[in-house]
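For reference, the chains in residue letters:
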Amino acid sequence: MPQTLAPPTTDPAPAPVSAGRLAPDPTLRALAETHGLKVSGARPSLPAYIGRLWQRRHFITSFATARVVAQYTTAKLGQIWQVLTPLLNAAVYYLIFGVLLDTKKSIPDYIPFLVTGVFIFTFTQNSVLTGTRAISGNLGLVRALHFPRACLPISICLAQLQQLLYSMGALVVILLCFGQTPTWSWLLAFPALALQFLFNMGMSLVMARLGSRTPDLAQLMPFIMRTWMYASGVMFSISRILVGKHLPQIVVVLLNGNPAAVYIDLMRFALIDSFTHKQLPPHVWAFAAGWALVAGVAGFVYFWKAEERYGRG
Amino acid sequence: MAEQTDDLRQTRAAEDRIPTVIADDLHIVYRVYGTGAGKGSATAALNRIVRRKPSTGVREVHAVKGVSFTAYRGESIGLIGSNGSGKSTLLKAVAGLLPAERGHVYTQGQPSLLGVNAALMNDLTGEKNVLLGGLAMGMSREEVRERRDGIVDFSGINEKGDFISLPMRTYSSGMAARLRFSIAAAKDHDVLMIDEALATGDRAFQKRSEERIRELRKEAGTVFLVSHNNKSIRDTCDRVLWLERGELIMDGPTEEVVTAYEEHR
Chain S
609 MPQTLAPPTT DPAPAPVSAG RLAPDPTLRA LAETHGLKVS GARPSLPAYI
659 GRLWQRRHFI TSFATARVVA QYTTAKLGQI WQVLTPLLNA AVYYLIFGVL
709 LDTKKSIPDY IPFLVTGVFI FTFTQNSVLT GTRAISGNLG LVRALHFPRA
759 CLPISICLAQ LQQLLYSMGA LVVILLCFGQ TPTWSWLLAF PALALQFLFN
809 MGMSLVMARL GSRTPDLAQL MPFIMRTWMY ASGVMFSISR ILVGKHLPQI
859 VVVLLNGNPA AVYIDLMRFA LIDSFTHKQL PPHVWAFAAG WALVAGVAGF
909 VYFWKAEERY GRG
Chain W
29 MAEQTDDLRQ TRAAEDRIPT VIADDLHIVY RVYGTGAGKG SATAALNRIV
79 RRKPSTGVRE VHAVKGVSFT AYRGESIGLI GSNGSGKSTL LKAVAGLLPA
129 ERGHVYTQGQ PSLLGVNAAL MNDLTGEKNV LLGGLAMGMS REEVRERRDG
179 IVDFSGINEK GDFISLPMRT YSSGMAARLR FSIAAAKDHD VLMIDEALAT
229 GDRAFQKRSE ERIRELRKEA GTVFLVSHNN KSIRDTCDRV LWLERGELIM
279 DGPTEEVVTA YEEHR
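Residue numbers (the numbering used here), protein chains in the order written: chain S, 609 to 921; chain W, 29 to 293.
Hint data in this document are derived by calculation from the structure and do not stem from the laboratory.
A portion of the hints provided could be inaccurate.
As a list, the in silico SDA-like pairs of lysine to any residue whose alpha-carbon atoms are at most 20 angstroms apart [stated by the list, open to error]:
id : chain 1 : residue 1 : chain 2 : residue 2
1  : W       : LYS188    : W       : GLY202
2  : S       : LYS684    : W       : ASN150
3  : W       : LYS215    : S       : LYS913
4  : S       : LYS853    : S       : ARG834
5  : S       : LYS913    : W       : ALA128
Part of the chain W face toward chain S, derived, beta carbon under 10 angstroms [stated by the list, open to error]:
id : residue
6  : THR48
7  : SER96
8  : ALA121
9  : VAL122
10 : LEU160
11 : LEU163
12 : MET165
13 : GLY184
14 : ASN186
15 : LYS188
16 : ILE211
All figures in this text were calculated on a predicted structure; none of them were measured in a lab.
For each residue, glycine too, the CB sits at the ideal point set by N, CA and C.
Let the sequences and hints guide you as you build the complete structure.
This is how it looks when you write it as structure tokens:
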């Protein structure tokens, strides 16, 4: 190695080469401009951002599948928990609200009613909860590799959708066991799910940005989500509670327009024979589409606005 | 001999070489929360919130103080300096992961930072991580499939049995670092920055990665390398930046700067 044999140069007293010049150098900026260099870490425009997201679509789907698989790798029963977890969840609510509080008397087909509510709400709940940790829980990935950060919350919602589809498989079996017959109205489940997915994605994007700045939110969100669940008629019927009571108009509008309640009611309407359109709040499809659009678009723009700041600090 | 060619290159640099990274009077200030002199208990924190006092614990660390340099295509640049001199901070800023307090960093394309701490997903198998990492860097499924075997062979994970199909949490830290380097190095980057990754692998792996770094430079990229191992700096870099307390002490050909650095210590 000839390099190591080279004579030592005489520069024993180090002085900062930058010491004499503390102002930005205009020639450097000009050099950067002539060669088309960009400021590092700058946020791309919205159309460019969407284009980059589209390029990473395979990453989004693979990451979603990987998360679903990774979730139960340490459990002995493995992927069986995909179906077991929501079923156990529904069993607990049945025990408390169906048997102990005896809600089932006033609602026909109580078990399909309850299980549908639990599954559909869990979809939104988990999207929001895992969305809160989408950035803060994947800092290693965010800091190591460059990709549009919206990939993470979006693929987390896809993972939740995948889990919901497992649950829906179990739900179909339950429905058939409790004497529901498949009808054409079951097909309404697909548009309802699509709208709910869009809504969840928007919520997840918003929560991902908030959670990346304030990690404390991850501690707070379970309580907010539980309150939301009790207000969404998961284990009781909102329309029956409203009958014969003189609540202020604003409360009625809030209860009926609550997005979680809207998506739950739509799914019940689609799947359960005894849940007729009379129990649906007015303009329910308009509410479902409106929430999906508002949350989806606003959430995406809100997340994109902070794109250059994720993973810093 | 080596120095003469270096000098020649330096003078030619300004005219016909293409810059990939330009740092212009770059200042980085960290704000660290929760280091206050006050008590760290929950009641103390609540007290501060109730009295609306700003958290006493905000401290500013001026980690990089006015660094300017221009890196060109095909260069391999080493960063040296004692612990806490701002080397890793400078790399993070170039990668766009830390905001500049003052000054600017201009880059060609998107620099990729490869650090020892940057974990992929621990619950997934090495194989899945190769796929995910490749897709995240923007490769297509086919590209990842083509390069998969190359990545695994390069990492040497499978030398001691079929480890690639085990979750990454079962890997030793050296194995995990090797796999991460192999994934990141599988793509041709405009600018690749390596933070002490070479120190973790064994001798054979270090040899392979040094070779790969030379290849990356030939493919018209720029490589930055942070290391405390002066030998690996000498073996892989042709230019060295010496940082001390956030200031650029020296910027020049490897032999000159490393020798001065060694004498200084």
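Do the hints match the structure? See the list:
1. For the proposed pair W:LYS188 and W:GLY202, the alpha carbon gap of about 13 angstroms is at most 20 angstroms, so the pair holds.
2. A C-alpha spacing of about 18 angstroms is found between S:LYS684 and W:ASN150, which places the hinted pair at or below 20 angstroms, so the restraint holds.
3. The suggested pairing of W:LYS215 with S:LYS913 is violated, with an alpha-carbon distance near 29 angstroms, which exceeds 20 angstroms.
4. Taking the CA atoms of S:LYS853 and S:ARG834, the gap is near 25 angstroms; set against the 20 angstroms cutoff, the hint is violated.
5. A distance of roughly 18 angstroms separates the Cα atoms of S:LYS913 and W:ALA128; the hinted pair therefore holds under the 20 angstroms criterion.
6. Among the interface hints, the one on W:THR48 holds; its C-beta lies about 8 angstroms from the nearest C-beta in chain S, closer than the 10 angstroms criterion.
7. Given the 10 angstroms rule on beta carbons, the hint for W:SER96 holds: about 6 angstroms separates it from the nearest Cβ of chain S.
8. With a cut of 10 angstroms, the hint placing W:ALA121 at the interface with chain S holds, because the nearest CB-to-CB distance is about 7 angstroms.
9. Using the Cβ-Cβ criterion of 10 angstroms, the hint placing W:VAL122 at the interface with chain S is satisfied: the shortest such distance is roughly 6 angstroms.
10. Because the beta carbon of W:LEU160 sits about 6 angstroms from the nearest beta carbon in chain S, less than 10 angstroms, this interface hint is met.
11. Given hint, W:LEU163 at the interface with chain S, holds; its Cβ is 4 angstroms from that chain's nearest Cβ, closer than 10 angstroms.
12. Because the closest C-beta pair between W:MET165 and chain S is about 6 angstroms apart, less than 10 angstroms, the hint holds.
13. The criterion of a C-beta within 10 angstroms of any C-beta in chain S is not met by W:GLY184, whose closest approach is roughly 20 angstroms, and the hint is violated.
14. At its closest, the beta carbon of W:ASN186 sits 20 angstroms from a beta carbon of chain S; the interface hint therefore is violated under the 10 angstroms criterion.
15. Restraint check, W:LYS188 versus chain S: the minimum CB separation of about 22 angstroms is more than 10 angstroms; hint violated.
16. Hint status for W:ILE211: holds, given a least beta-carbon distance of 9 angstroms to chain S, under 10 angstroms.
In this structure, the earlier hints numbered 3, 4, 13, 14, 15 are contradicted, and the remaining ones agree with it.
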